[in-house]
Amino acid sequence: MDSPSTARRVWAHAWRLLVAIAVSSLNGLVVYGLVLTTGPYPGGPLGEMWMLVDLACLLLCAVAYVARHRAPRLVTSIIVVAGSFSLFSSFLVLFAVVSLAARRRRLETAAVCALWFVASLVGQRVFLAWVLPAGVLPDDLRILAAGQVLNTALAVVTGMFIGGRRALLASLREQAAIARREADARGDGARAAERNRIAHEMHDVLAHRLSLVALHAGALEYRAELDPEQVRETAAVVRQSAHEALGELREVLGLLRDTSATDEQSRPQPTFAQVDELIEGVRAAGSPVTSTLDRLDADTLAELPVATSRHLYRVAQQALANARAHAPGAPVHVRVHGAPGGRVVLEVTHPVPGPVPTTLPGSGWGLTGLAERLRLAGGELDAGVRPDGTVRVHAWLPWSGPTDEREPSGAAGDGVDGTLDVVASRA
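Every position in the sequence shown, counted from 1, becomes a number in the working numbering once 11 is added.
Errors might be hidden in some of the hints.
Restraint-style ranges between C-beta atoms, simulated for each label pair [claimed, not checked]: (1) 281 <-> 237: 34 to 40 Å; (2) 18 <-> 189: 27 to 33 Å; (3) 302 <-> 237: 44 to 50 Å.
The hints are simulated quantities; they were obtained by calculation from the structure and are not laboratory data. Computed from a predicted structure; not experimentally measured. Virtual Cβ for every residue (Gly too), placed ideally from N, Cα, C.
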């Protein structure tokens, strides 16, 4: 994974150097070729040797250009001074100034550009005096200065633009990373909140079950006048309540409960038996809701375990709330099907007004928390927009729930159940 990244970084710097050397070399060859065809060097032997000096300056500028990031101001200053006396290095100088201007530091850019301006004018006067025959370049200092100002402005503006674009992209990447981290944190918070909520609901149920056990056990202890039949019935109630409490307890093992309970959490938790009241409330708000029991009847549905019934109610509650918020007035259909010993499935569908979105509109983190709730309960929740423009929330749970499965022989739960069986048989 590191090699491609390193290769890309090397190529990102190498291609600029190669382009600058290629264009500068072409420029130098054209000018020196023109000198050779038009006449002798004005500087005599020194002019004839200047091409070697030019190539040495090219080598110096190329090495410095590679190392410019170590000390940008110093290295760029060396490049602009050496390159001002070299035709083969002209574009290397231009690229180095653009790279420095991309740092968007005005003082250092202004200082290097001033040095470049002076060195360029001196270099052009040297070329006119020693290398180039008369007429190849204009001898007017004002024209040379104007041309250099134009080159400097072009390099600085280009560098500032590149630096601004880099800063913008870096800012956008940072914002995207922050948004991803915030989204992950909100998702984790929603899942943790749903776990805490489940644990609180189970605590309320366990408190009720254990209160019944304590009440009936007290009756067995203090009421000596009970006949054997009454003792047997009371022991059966104790045993059944303990079984149900153990089932609820197995469901929430491993969950950590938040000790700060809100008013909403402190109220008795609803089950799917109250879904008709929920539907009536949605109808009163103006959304037509229809419900269907497929291969089920109300009596069979009433046999659902309390935990499973409560999870289904929460799914229906969230799905109807989403429908009311994002598709007000649209018809909503609630369908429940399943069979004892298998699965119970809840499906809530409604059309989306307007254009079909690519994702579920504005579902927030409610469905994320419910998906975590159903996953912990051994089920699954899926929500999305179908190709026909209908939003569907599809949830299923094991009919008996994972908590109703008996532990293997020797588990702690079986020890309690076995003790209750012995008490009941003796009674």
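Evaluation of the provided hints:
Hint check: residue 281 to residue 237, Cβ distance near 36 Å, so the stated range 34 to 40 Å holds. For residue 18 and residue 189, the hinted distance range of 27 to 33 Å is satisfied, since their beta carbons lie about 30 Å from each other. Judged by the Cβ atoms, the range 44 to 50 Å given for residue 302 and residue 237 holds: they are separated by roughly 46 Å.
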